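Colleague: Read top to bottom, the protein sequences are chains A and B.
First residue of the first sequence: 1, per my numbering; consecutive thereafter.
First residue of the second sequence: 323, per my numbering; consecutive thereafter.
If you are wondering where the hints come from, they were derived from the structure by calculation, not from laboratory data.
Being a predicted model, the structure only gives us computed values, none of them experimental.
By construction, the Cβ of each residue, glycine as well, lies at the ideal position given by its N, Cα and C atoms.
Please note that the accuracy of each hint is not assured.
[To be verified] List time: in silico DSS-like cross-link candidates among lysine-lysine, alpha-carbon distance up to 30 Å:
| # | chain 1 | residue 1 | chain 2 | residue 2 |
| --- | --- | --- | --- | --- |
| 1 | B | Lys412 | A | Lys94 |
| 2 | B | Lys328 | B | Lys453 |
| 3 | A | Lys204 | B | Lys328 |
| 4 | A | Lys71 | A | Lys94 |
| 5 | B | Lys328 | A | Lys89 |
[Stated by the list, open to error] Here are the computed distance ranges between Cβ atoms for each label pair:
| # | chain 1 | residue 1 | chain 2 | residue 2 | range |
| --- | --- | --- | --- | --- | --- |
| 6 | A | Gly69 | B | Pro369 | 55 to 65 Å |
| 7 | A | Thr39 | B | Pro360 | 29 to 39 Å |
| 8 | A | Ser222 | B | Asp327 | 13 to 23 Å |
| 9 | A | Lys94 | B | Ser438 | 21 to 31 Å |
| 10 | A | Thr237 | B | Pro369 | 20 to 30 Å |
| 11 | B | Arg385 | A | Leu206 | 21 to 31 Å |
| 12 | B | Pro360 | A | Phe313 | 17 to 27 Å |
| 13 | A | Asp171 | B | Tyr402 | 30 to 40 Å |
| 14 | A | Gly21 | B | Phe378 | 18 to 28 Å |
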Amino acid sequence: MNGAGLSSRIAETAARLLSEGRAEVVIGFEQGSIPMRATPCLITDPADAGRLIWNAFCSNNLARYLVPGRKSAIVAKGCDSRAIVELVKERRLKREDVVVIGVPCRGMADPSAIARRFPGICVSSVDETDGMLTLYGGPEPVSVPVSEVLHASCRLCAARNPVICDIPLGDPVVENDPGFPDVEAFAALPADERRARVEAEMSKCLRCYACRNACPLCTCESCFADSSQPQWVARGTHPEDVLAFHVMRAMHLAGRCVECGACVRACPTGVDLSIFNRRLAADVAELFGSRAGLDENAPQPLAAYSMDDSQDFILDPGRKPE
Amino acid sequence: MTDTDKNAAWEPRIVAFLCNWCSYAGADSAGVGRMQYPASVRVIRVPCAGRINPFFILSAFRRGADGVLVSGCHPGDCHYISGNLGARRKFALLGRLLGHLGLEEGRLHFTWVSASEGVRFAEVIETVTAKVRELGPARRSAGGGR
Ligand code: SF4
Ligand code: SF4
């Protein structure tokens with residue numbers, strides 16, 4: 001089904017849920033104020049449900065907008081559903097308070113990738129049919145498949161279909177978990193180069209916290225980054241503070257990050273935080289056999305342990321080096 | 323003077339986070355046993371390996387440590403039953419993450435030392451000091467809020 005068909009089915013579903021009183025609010029997307037943007041929207045009146053849309057630009061992780069104790073319906077693609085799984089596990093949400101309107105996802109288009117692909121075109125409007133985008137605004141309309149301009153996180157997605165779902169809409173898509181080629185490629189660089197890359201990324205950071213605010217799993221009522229007693233990290237953009245903020249934030253998300261890429265997309269300066277989060281996700285998968293948000297019943301890896309956990313990193317001076 | 327000679331003359335500063343019940347007592351037994359080990363360590367006693375927030379480790383580096391050692395009770399021996407086992411997962415991830423980012427490679431070490439292992443404690447300090455000495459002083463960027 002194409003975007004237009006899905007949009008109307010989402011709108012109908014939303015109107016029904018609201019008028020039946022099954023949800024106080026429906027969290028979905030509406031057309032953004034500029035082309036190639038969809039913006040999260042909260043619908044409380046069934047009469048407004050027609051604002052809801054679905055297209056290749058619905059990239060935010062909507063789980064961010066779920067509020068504990070409020071009966072909510074949410075339009076969820078794979079990554080949104082993974083975040084909901086984690087939030088329920090952490091008892092931030094009650095499963096019965098959330099109606100998941102599940103929409104299989106083919107990956108979301110990255111407006112920056114489009115701009116790189118068609119430099120010089122200032123897109124004024126866009127059409128989408130069967131995974132093909134047609135962009136207007138240049139001398140001639142141009143076309144590109146969504147699959148060629150995906151967000152990095154979507155290229156690497158492990159779960160495109162909703163993991164949990166109450167009302168399925170749209171046809172399931174084929175899963176194709178590529179593993180962690182990005183992590184492996186980065187790890188293959190010499191240490192100096194990795195450090196330089198990380199420093200270059202960090203130097204772009206403004207400490208605006210858009211990454212944290214867009215993150216569906218940054219749910220703490222008070223964040224270490226805002227604490228002044230103790231002051232874990234100073235405010236401001238000294239490289240050491242920026243790095244400490246990001247290392248600590250990544251550690252807080254270890255085993256919880258659903259790899260949706262919301263942080264990277266929210267960042268106004270394009271800091272690639274996936275260097276941190278994807279490495280942790282890869283290690284959690286390798287060491288503890290766990291991937292955030294994929295299994296409702298699996299324990300949280302950092303709230304669990306096993307006597308048999310690997311400890312080859314433990315220094316043992318009595319042991320001869322292999 | 324070559325770098326190696328320079329490093330041989332230099333005494334690294336190593337911050338050691340030791341759990342109260344095993345490793346700190348292990349350090350004590352090394353002392354009581356009059357064992358010799360390098361005077362490179364600054365010990366910080368914590369109630370349990372599980373008390374160690376990764377931030378402690380980052381802070382130590384940030385405030386001038388050339389190396390950091392974290393030591394708790396052997397698995398199965400934790401005074402709080404499983405503090406060290408939870409910590410082991412955290413440490414495994416933190417160590418790998420810092421390595422991935424190209425940070426503090428070879429400067430962060432984790433181990434287990436029991437209350438009776440004075441000899442092992444001395445060996446650990448020798449080993450960590452030698453490794454860090456080989457790397458030379460840690461690179462610092464000056465300033466910052468903390
Ligand atoms: S960075 Fe850590 S403390 Fe801050 S909101 Fe996220 S998880 Fe909470
Ligand atoms: S969104 Fe980007 S600039 Fe803002 S704090 Fe996060 S990484 Fe830094």
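Colleague: Against each hint, give a clear statement of whether it holds in the structure.
Modeller: Verification of the hints:
no. : hint                             : result
1   : B:Lys412 to A:Lys94              : 28 Å, holds
2   : B:Lys328 to B:Lys453             : 15 Å, holds
3   : A:Lys204 to B:Lys328             : 36 Å, violated
4   : A:Lys71 to A:Lys94               : 9 Å, holds
5   : B:Lys328 to A:Lys89              : 54 Å, violated
6   : A:Gly69 to B:Pro369: 55 to 65 Å  : 36 Å, violated
7   : A:Thr39 to B:Pro360: 29 to 39 Å  : 60 Å, violated
8   : A:Ser222 to B:Asp327: 13 to 23 Å : 51 Å, violated
9   : A:Lys94 to B:Ser438: 21 to 31 Å  : 49 Å, violated
10  : A:Thr237 to B:Pro369: 20 to 30 Å : 35 Å, violated
11  : B:Arg385 to A:Leu206: 21 to 31 Å : 25 Å, holds
12  : B:Pro360 to A:Phe313: 17 to 27 Å : 22 Å, holds
13  : A:Asp171 to B:Tyr402: 30 to 40 Å : 51 Å, violated
14  : A:Gly21 to B:Phe378: 18 to 28 Å  : 50 Å, violated
Of the numbered hints given earlier, the model fails hints 3, 5, 6, 7, 8, 9, 10, 13 and 14; all others are met.
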